[in-house]
Amino acid sequence: MKIKFTVQDPCQIVRKSFGDAIAEDFRYAIKQAIGEENLLEMSPNKSNNYCCGGGGGFLQSGFKDQRLEYGRIKDEQIKASGATYCIAGCHNCHAQIHELSHHFGGHYNVVHFWTILALSLGILGPNERVYLGDDLKDVNVFHPETAI
Amino acid sequence: MVLLFVEKPIERRITVYIYFLEGKMIMAEVAIKLEGKSKRSFLDDIKEIVPAGNLSLCLTCGLCSSGCPATGLFDMDPRKFLRMLVLGMDEEVMKSDWPWTCTMCQRCVYVCPMKIDIPQLVFNVRAARPRDQRPKGIRGSCDAAVNSESCSAMGTPVEDFIFVVNDVLEEYRAAQPEFADMVAPIDKVGAEFFVNQNSREPMTEPDEMVPLWKILHLAGVDWTYSSKAWAAENYCLFLADNENWETLVRRKAAQADALGVKTYLNTE
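Top to bottom, those sequences are chains A and B. Here the first sequence is numbered in our numbering, starting from 1 and rising by one per residue. Here the second sequence is numbered in our numbering, starting from 149 and rising by one per residue.
So that you can see chain A by itself, here it is in the shape it has in the complex (with noise of 0.2 Å):
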C-alpha cells in the first residue's frame, strides 16, 4: 500500500532514561510490522528529537495556545517528513500529537505502536481502529462481523 509512517522518540523513554538503542529496538520492530521502506525519519530524531509539547504536565496546564505554539516545530517536523501517520510510543505524545494534526490542519493519523504491530499480525478488530486513517480503516480487518 506503499502508505508512510514516522516515529516520535519519546523523550521521556529515549534521551532521558535508555538513549538511541532504544529508539533501534523501537525501529527494528516497527520495520517488522510496516516494511523497512515505509519508515521516514523525523530530522533531528532519536536523543536529539523535540519534544511535541504532551509532556511535563502541559496537557493539564491550563496554557493550551502555549502548547500548540510549542508543537509547531513538532507539526512541521512530521510535515516535513512525507509521512501520513506518526507512531507514538508515549500517550502524552499521541494526545498532543494527534491535536497538533487538526489544529494545524496537517490531517495525519497518530497511532500508539500496538494498533501498527497487531494489524500486521491479522488480529486487529473492527472496534479496535479508532485512530486509523480511511486508507487503513478496512484493510485485514479481525472478525469484521464483530464491528460495533
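Rather than coming from a laboratory, the hints here were simulated on the basis of the structure. Among these hints, one or two may not hold up.
[Said to hold, decoys possible] Here are the computed lysine-lysine pairs in the BS3-like style, where the Cα-Cα straight-line distance is at most 25 Å:
| # | chain 1 | residue 1 | chain 2 | residue 2 |
| --- | --- | --- | --- | --- |
| 1 | A | Lys16 | B | Lys228 |
| 2 | A | Lys2 | A | Lys16 |
| 3 | B | Lys284 | A | Lys64 |
| 4 | A | Lys2 | A | Lys31 |
| 5 | B | Lys336 | B | Lys376 |
| 6 | B | Lys195 | A | Lys16 |
| 7 | B | Lys263 | A | Lys16 |
| 8 | B | Lys376 | B | Lys410 |
| 9 | A | Lys46 | B | Lys263 |
This structure is a prediction, so every number in the text was calculated from the model and none was measured.
Given chain A's structure and the hints, the job is docking chain B onto it.
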C-alpha cells in the same frame, strides 16, 4: 596571542574583571551584582542538589534556546531563564508562567556544551510557587490520584477498573474465538510483569486496551494488572509536589512488591 583573565574579588558584592592581552591591560570593568535578598536563592538550591552543576559555567552560547520549542513563549527562553537566576532575579522569574511551558524534556541539557541542568531549575521554580497557585489542572490530577486507591489521575475507582477489564475481556474472548484463552489478570501473584495502565483507556476507550493484551497473549507473556495502584500516570511529578510524587511511586512499588512480580512495566 594570550588572553589572561583575572578575577579578583575586592569586596562581598563587587568583582573587578581585568583582561590582559599580551601583557597589556586592555579592559577593566566593575561588575556589580544585583543586590538581592540574603536568603536562599534557586542558585543555592541547585548547587546543593548538583554539586558539579556550576551554573557559572554557562557560556551563553544559546544552543539551549535555539533548540527549545518553548523559546519565545511568555517572552522567555532557557538561556534568559538561566541568566536571570544566576543574577539572582528570583522574584522576576517567579512571576513568569514560563516554567509551566517547559516540558523538562532535557534537550537543552543534551545540546549544552557544559551540560547545565536547566530543567532541574525549572522544577525548583515550579516547586517554589505556593501549591494553590500552581496550575489547577495539574493540581487536580495530582490530588485525584493521591485520593484514589487506584492512583488514577482521573479518580477511577478500583471496582470500575476491575469491572471494565473483565467485561471487555469476556466480550473479546467470545467474539474472537482465536483469543478464547486470552487473559487480563488482576492481582496475579508471582507474575513476571506488573503492567500498569494509563487511565485514559479503561475510562474513555476500553477497546484500545485489547491490542496490547493480544500481543502479550501471542508472545506468551506472564503478566498482571493490579487492582490497587494500577494507574501509570503521575501528575504530582509535574506539579513539583515532591511529597505526593513519592507517595504515589511508593504505593505503586508496594503493590508490585506485594504481588511478588519480577518486573514493573511502565506503559506510560
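Review point. Looking back at the hints listed earlier, which ones does the structure fail to meet?
Key: 2
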